[in-house]
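Peer 1: Since the structure of chain H is already known, use the hints to place chain A on it.
Residue numbers (this note's numbering), protein chains in the order written: chain H, -18 to 243; chain A, 138 to 495.
By construction, these hints were calculated from the structure, which means they are not laboratory data.
Note that this is a predicted model, so its numbers are computed, not measured.
Note that CB positions come from ideal geometry on N, CA and C, so glycine has one too.
Check the hints yourself; a few may be wrong.
Here are the in silico distance ranges between beta carbons for each label pair [claimed, not checked]: (1) 123(H) x 471(A): 37 to 43 Å; (2) 213(H) x 258(A): 30 to 36 Å; (3) 488(A) x 97(H): 36 to 42 Å; (4) 107(H) x 480(A): 52 to 58 Å; (5) 139(H) x 441(A): 38 to 44 Å; (6) 97(H) x 471(A): 50 to 56 Å; (7) 80(H) x 425(A): 51 to 57 Å; (8) 318(A) x 240(H): 37 to 43 Å; (9) 467(A) x 80(H): 46 to 52 Å; (10) 150(H) x 309(A): 40 to 46 Å; (11) 464(A) x 123(H): 41 to 47 Å.
Below are the chains, spelled out letter by letter.
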Amino acid sequence: MSIVQTTRPPAVPSTKVANFKPTLLQTEEHHLCPGCGEPVAIRLVLEVILELGLAQNNVCVIGHGCYGSFVMTLDVDCTLCLHGRAPAVSTGVKRMRPDVAVWTLQGDGDMTSEGLAEILHATARGENITCIMLNNGVFGDTGGQMTASSVIGQRTKNTLEGRDAAYHGYPIVICDMVASMQGSAYVARGSVHNAAAIAQTKRLIRKGFQRQLEKKGLSLVEILTMCPTGWFVPAAGGADYMMESLGKTYPLGEIKDVAAAA
Amino acid sequence: MVLRLLDGSEAIVEAAILAGARFYAGYPMSPATELVEYMAAKLPASGGVCINAATEIEGVNMAMGAAAAGFRAASGSCGQGLSLMQEAIAEAALNETPLVIFNMARNQQDYFQATRGGGWGDYRTITLAPKDLYEAVEHVQLAFHLADLYRVPVIFMGDNLLARTQMAVDIRKFDFGPLPPKDWQLDGTSGGTGASRQIWTFGGGKTNTPGPGPSRHWEQIAAKFDMIATREARHEQGFVDDAETVVVAFGSGGKFVEFVVNQLRAEGRKIGFFRPVTLWPFPGEALERATDACSRVLVFELNAGQMIDDVRLNVGHRRKVRPIGGVSFDESGLNIGPLMDARVIRQRILSALEGEVK
Chain H
-18 MSIVQTTRPP
-8 AVPSTKVANF
2 KPTLLQTEEH
12 HLCPGCGEPV
22 AIRLVLEVIL
32 ELGLAQNNVC
42 VIGHGCYGSF
52 VMTLDVDCTL
62 CLHGRAPAVS
72 TGVKRMRPDV
82 AVWTLQGDGD
92 MTSEGLAEIL
102 HATARGENIT
112 CIMLNNGVFG
122 DTGGQMTASS
132 VIGQRTKNTL
142 EGRDAAYHGY
152 PIVICDMVAS
162 MQGSAYVARG
172 SVHNAAAIAQ
182 TKRLIRKGFQ
192 RQLEKKGLSL
202 VEILTMCPTG
212 WFVPAAGGAD
222 YMMESLGKTY
232 PLGEIKDVAA
242 AA
Chain A
138 MVLRLLDGSE
148 AIVEAAILAG
158 ARFYAGYPMS
168 PATELVEYMA
178 AKLPASGGVC
188 INAATEIEGV
198 NMAMGAAAAG
208 FRAASGSCGQ
218 GLSLMQEAIA
228 EAALNETPLV
238 IFNMARNQQD
248 YFQATRGGGW
258 GDYRTITLAP
268 KDLYEAVEHV
278 QLAFHLADLY
288 RVPVIFMGDN
298 LLARTQMAVD
308 IRKFDFGPLP
318 PKDWQLDGTS
328 GGTGASRQIW
338 TFGGGKTNTP
348 GPGPSRHWEQ
358 IAAKFDMIAT
368 REARHEQGFV
378 DDAETVVVAF
388 GSGGKFVEFV
398 VNQLRAEGRK
408 IGFFRPVTLW
418 PFPGEALERA
428 TDACSRVLVF
438 ELNAGQMIDD
448 VRLNVGHRRK
458 VRPIGGVSFD
468 ESGLNIGPLM
478 DARVIRQRIL
488 SALEGEVK
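Chain H on its own, in the form it takes in the complex:
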């Protein structure tokens, strides 16, 4: 066992997360908050795209949320579309370019609040696209308000005493809805709250893209991402808070895989 010398600066700088910048990002810089889970989730998607050999054969359609700022750094062909409409825009791209991998990057507000019709009808049509939904249960970009996916009891800027089912209604569990429809090929929920979950989530994302390449139908991978700022908790406490709140309503794992069923 070696003893780390701490009385003087190390000869080589310590390893930082930024050293693992995926090839498909133009810079490791981003403007998201400390403790945010979105950059990790996006890194996983970009690594999968690279590993599947899709770097020069994919189009990303981005919705509106904090992750939208990656429209300036993703080194893939992309468009930032209207709020909630990414599955519709992707449909147009995919139908015209069926051999290009098309994926959406959306949040829970984007997909389950503003864009519920688009994701459900894209699923019903069995569009061969992969939808990535980053779920933190709040509108993070506007500062932490309730979305359709906020969980019961969750405090947000417009549910100050916590989401009350009797007053605010119940959360929309989009994965269950999409999985119940015939047009979906793969539905899974991952998380980025610890190393094991990150490794598992990457496998889920890869399967989602594989089902698209196999032309099996729509794949949806929901990823629980920390939003300490939007949850009003310390940056370091985001992961624990997430699994105590969202994690209870949104259990991790595969929900549907047509390949497994076949």
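Peer 2: Just chain A now, kept in the frame of chain H:
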């Protein structure tokens, strides 16, 4: 020339396919329903795709995706459906996606919607309003051409008469000249090159290839629309040189007015007509010249007075301008009413002339 008896909607769909349209997403709504029916029947055979969208909002966003991928794409409805599309039409203008929107309007009440728009931001929409199916065959192709030339949304403004009247028509190809290459299209091939492509309303560009940023980007968009306004205004006029009275009308109404004015000329009346072919850009300078010497300008439109605003803005003496149109529907509220009738228009023109003699 090959004349075939076709529904207006069928002819419009064939002209769109001839223009290279490969994607359409629509939703049934009278009188635009036949457009999606014929698209569904004819587009796949031409290598295209027609999707029965769940909503007009979904349909127009699909078309935006297909256009972003580099293909000629369209959506359509009647005015009510276009209301739902306004956000996307503005988006296409601001993120520079060429898109064609068909408005098979129930009447002429969508003039403000087309020329002022209901989306956000500093944008305009080129609006082509053919007077009949012959002109429509050209305008459909022109709409796709102008959309690609300027990377803008273009509205094709038809109506009930155009959509649902059968006519013997020749669907021939028009050549409007060369177009710039679509080097901006999202084909998926530029990933990982360090110079990947982006379509974004805010014009931010990417880290390696920064764009102008929102303020400068929107300034450039506005300048583009100013440029289009100077280049693309189109009109048709007749007998204006010595006319004491000029009647202004658009679309089908323009064709009726042209017919009535021809009659009155034959009877010795010093009367002329002026028809804006593009509702935006409004042919204001041409109208100013055409009405410079006349003593009265009559505006015929089937609404409570919309185009008359643009007429008053451009006729030198606004007190010359009088409305002779009005709201006119049939009992269903879906169809053009009794005012679109040559005898009624003739009577309204004559009443206006006599009214001033007293």
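Peer 1: Just pull the numbers of the violated hints for me, sorted ascending.
Peer 2: Per hint list: 3, 6 and 10 violated.
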